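Protein chains: 2
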Amino acid sequence: MLTRIDHIGIACFDLDRTVEFYRATYGFEVFHTEVNEEQGVREAMLRINGTDDGGASYLQLLEPVREDSTVAKWLAKNGEGVHHIAFGTADVDGDSEAIRGKGVRVLYDEPRTGSMGSRITFLHPKDCHGVLTELVTSAPVQH
Amino acid sequence: MLTRIDHIGIACFDLDRTVEFYRATYGFEVFHTEVNEEQGVREAMLRINGTDDGGASYLQLLEPVREDSTVAKWLAKNGEGVHHIAFGTADVDGDSEAIRGKGVRVLYDEPRTGSMGSRITFLHPKDCHGVLTELVTSAPVQH
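In order, the protein sequence lines correspond to chains A and B.
Mind the numbering: the first sequence is residues 1 to 143 in the UniProt record's numbering, read in order.
Mind the numbering: the second sequence is residues 1 to 143 in the UniProt record's numbering, read in order.
Treat the hints loosely; a few may be bogus.
Where chains are identical, the list cannot tell them apart; a pair therefore holds if satisfied intra-copy or between any two copies.
[Unchecked claim] No more than 30 angstroms apart at the CA atoms, straight line, and that leaves these computed lysine-lysine pairs for DSS-like:
| hint | residue 1 | residue 2 |
| --- | --- | --- |
| 1 | Lys-126 | Lys-73 |
| 2 | Lys-77 | Lys-126 |
| 3 | Lys-126 | Lys-102 |
Simulated from the structure, these hints should not be mistaken for lab results.
Note that the structure is predicted; figures quoted are calculated from it, not measured.
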């Protein structure tokens, strides 16, 4: 069961400049940064609010670290902007299997590692009215 | 001060079919529907979670009701997908003026009426790293 908007993933050309924009314009601070080698991105998580399922909602700012990453290709085509949205669930495995069973393409056979030790998968945007959609189960004791 | 992700605005060609996708796939239910004549859209709000500022986070599904609406033009160019993101604040007037003072273009001289009696304004996407960004102050006793 999906219980929150976990994050909005925003692709950018220059992570440091984009982080500074969000800090200077809105006062949002960096909660966490990491490089996800598998996804080919360097990212910053800005925590915006807590959620009533015990989690939180973030902006996830993404800069590609190699030209063959999906985010680099997306940026080359679309320019900067919202790359994906993510819903939080306590059970990414069960939910992604249930959604696969409804005919929506799930992009990974098994969930992979996402931000802050979470487990994630993605749904095909063409099956989701144009929205690349991620499902996230946070690592324990994240917040 | 922006205290929550208020909603993610998603543009679609057929609101009823898109509402049904979100219901059948994720179990999200319609919280509210309305037509905003000024914006030229018919919309459905799906409430996803409560937030720790006393508000909530929604998906806002948007179908244009006339061809000259900004959402109709956006759909013709981009196809279905994430159209904008919105942050909630208790003071859209003060925050939008402060942000204007930082050199970010605010699209309305004064906030206008948004979903569920809220007061809204938008920031120019070219000043926000490609993200059309809305600021929202909810109507009292909304939740």
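Comparing the hints with the structure gives:
no. : hint                : in the structure
1   : Lys-126 <-> Lys-73  : both (17 angstroms within a copy, 20 angstroms between copies)
2   : Lys-77 <-> Lys-126  : both (17 angstroms within a copy, 16 angstroms between copies)
3   : Lys-126 <-> Lys-102 : within (14 angstroms within a copy, 38 angstroms between copies)
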